[in-house]
Amino acid sequence: MARVVLEVRDITKRFGGLVAVRDMVFDVHQTEVMGIIGPNGSGKSTMINMISGAFAPSAGEIRLNGQEIAGKSAHRIARMGVARTFQLVRLLPELSVVENVVAGAAFGHRKRWGAEAERHARQLLDRVGMGQQVNMPVSSLTYINTKRVELARALACEPEVLLLDEWLAGLNPTELQTGIALIRSLRDEGRTVILVEHVMDAIRSLCDRCVVMSSGAKIAEGTPAEVLEDPEVIRAYLGADEDA
Amino acid sequence: MTMRDIRNLILSAFAFGLLALLPLYVSGYILSIATTMAMFTVLATSWALFSGPTHYISLATAAFFGLGTFVTGLGFQTLPMWLLPIIAAGLGAVLAALVGLVTLRLSGVYFVIFTLGLAELVRQVVTWVQNRTGQRGMYVLTSITERDIYWQLLGMAALVFLVGWLIARSRLGFALRIIGNDETVAKHSGIDTAAAKILLFMVSGAAAAVVGAMMAPRYIYIEPSTAFASILSFQVVIMALLGGTGRLWGPLAGVVPFTLLWEFISRNAPNQTLLLLGIAFLLIVYVLPGGFVGLYDRLRHRYGQGGQ
Numbered sequence: 001m002a003r004v005v006l007e008v009r010d011i012t013k014r015f016g017g018l019v020a021v022r023d024m025v026f027d028v029h030q031t032e033v034m035g036i037i038g039p040n041g042s043g044k045s046t047m048i049n050m051i052s053g054a055f056a057p058s059a060g061e062i063r064l065n066g067q068e069i070a071g072k073s074a075h076r077i078a079r080m081g082v083a084r085t086f087q088l089v090r091l092l093p094e095l096s097v098v099e100n101v102v103a104g105a106a107f108g109h110r111k112r113w114g115a116e117a118e119r120h121a122r123q124l125l126d127r128v129g130m131g132q133q134v135n136m137p138v139s140s141l142t143y144i145n146t147k148r149v150e151l152a153r154a155l156a157c158e159p160e161v162l163l164l165d166e167w168l169a170g171l172n173p174t175e176l177q178t179g180i181a182l183i184r185s186l187r188d189e190g191r192t193v194i195l196v197e198h199v200m201d202a203i204r205s206l207c208d209r210c211v212v213m214s215s216g217a218k219i220a221e222g223t224p225a226e227v228l229e230d231p232e233v234i235r236a237y238l239g240a241d242e243d244a
Numbered sequence: 001m002t003m004r005d006i007r008n009l010i011l012s013a014f015a016f017g018l019l020a021l022l023p024l025y026v027s028g029y030i031l032s033i034a035t036t037m038a039m040f041t042v043l044a045t046s047w048a049l050f051s052g053p054t055h056y057i058s059l060a061t062a063a064f065f066g067l068g069t070f071v072t073g074l075g076f077q078t079l080p081m082w083l084l085p086i087i088a089a090g091l092g093a094v095l096a097a098l099v100g101l102v103t104l105r106l107s108g109v110y111f112v113i114f115t116l117g118l119a120e121l122v123r124q125v126v127t128w129v130q131n132r133t134g135q136r137g138m139y140v141l142t143s144i145t146e147r148d149i150y151w152q153l154l155g156m157a158a159l160v161f162l163v164g165w166l167i168a169r170s171r172l173g174f175a176l177r178i179i180g181n182d183e184t185v186a187k188h189s190g191i192d193t194a195a196a197k198i199l200l201f202m203v204s205g206a207a208a209a210v211v212g213a214m215m216a217p218r219y220i221y222i223e224p225s226t227a228f229a230s231i232l233s234f235q236v237v238i239m240a241l242l243g244g245t246g247r248l249w250g251p252l253a254g255v256v257p258f259t260l261l262w263e264f265i266s267r268n269a270p271n272q273t274l275l276l277l278g279i280a281f282l283l284i285v286y287v288l289p290g291g292f293v294g295l296y297d298r299l300r301h302r303y304g305q306g307g308q
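Residue numbers (the working numbering), protein chains in the order written: chain C, 1 to 244; chain E, 1 to 308.
Hints in this document: simulated from the structure, not taken from any laboratory. Honestly, I wouldn't trust all of these hints.
[Claimed, not checked] Examples of chain E residues lying across from chain C (beta carbon under 10 angstroms, computed):
no.	residue
1	Ser12
2	Arg177
3	Val185
4	Gly246
5	Leu299
Here the structure is a predicted model, which is why all the values come from computation and not from measurement. Glycine is no exception: its CB is placed at the ideal position from the N, C-alpha and C atoms.
Assemble the whole structure, with the sequences as input and the hints as a guide.
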């Protein structure tokens, strides 16, 4: 098995009395696409936010290539090699499309600046399928193109781990196929990806392994086929027999 | 550096050269207005270096300015005159760093209120110290003329423009623009947002303190209520917003008309200056969002002369 890039050990997050994530444990290996799935409110986004440094965990450890990142500030974690997209797309409206991507390259894990950064940004925009539309203002982009630009920005620092927080959500059926193909091509390039996702097709066709969360805890782990047949996972999604 | 940069640099140097000749031809009233304009140009431009890209409205200008005047007031008899602006710059930067560290977690309206309170706080502290030591105001009697002050401020304006030009081309300037657009994205892109903001705030605080130090001899008599007058902070904000903070020359485009108008109103209707401030503010909000810079960009866009 490939080298472990990210280790999550006994991570717990409390918001006041509410335990959003409880004793989560999992590993992510190099070049693996790992899915975090589960019903709404099961703590998936909180988990992602702790890895990217948006929140500090209440307890536990997260190691990136052996180095502790839990509780570090977001910018330090970004520089160590974690990049992310956001559940609700966040572009920089006053910047051009290319500048939006340069923003990801200039300060992160592998820094680029000036003409080199711009060349790199244009390559990535081409890579995610933006083609000729790089000179349009950000406000005139279609929904899927805003997602593409955000993805290019996250890729721009050449992250060790890429976090995609419901990157496929909100796409129409045609766009969804394009989106899945795009993420699969990232996987084929050998990138390490954690994706939080609701779209079952995407999970089946993209993930090497999945962690299933319910009420903040891990209830299953394995290949998509294994976990989706797990009775406890089915119960978490559809409710117990007596409730049905 | 592109040809365009070189051309702009040469044009700017030429403009500053011409302005430096002004005191040889005019004096008295006109020179005094020119000096005021130079003062506000430095204050508004350096204010916009920080507040323009970050959209953090700082009302602390009076605190830094007052600090600078007191450096000169306390030091002009014992220290060489050239040293005073440098000390003021250092103290201004330190004060800005302290404020920055305290206000790191404040954003939006909380930052505005804090900075407004800061000038008042510093003023009260200085007043308290003076009361304890039995001092009142200070006389700053020097041989420095209006002309000298004008030249000093003009030099300072050139420096601020140069610094602003360099920052805009640097990674720091780019980081500030990202922070102004979306601070969360900035953090997750690897930008130490706190450090970037504090650094720029220090530049703008130091510049305001230097202006205070240079202006002190003009006032002759300094006391806390005039040195730390919060009206100065408001004037600077309004001028910068009227001109527009989107470009380096923006605040200048606000300083010139506003200073003239202010001068006209305070001569003819001295009690209506606050009204002018209010109307100017409404005008910016309703008619000129983005200031003259925004208007210029819209017109250029409309008549198709855009592009580089």
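Cross-check of the supplied hints:
| no. | hint | in the structure |
| --- | --- | --- |
| 1 | Ser12 | violated, 23 angstroms |
| 2 | Arg177 | holds, 7 angstroms |
| 3 | Val185 | holds, 5 angstroms |
| 4 | Gly246 | holds, 9 angstroms |
| 5 | Leu299 | violated, 18 angstroms |
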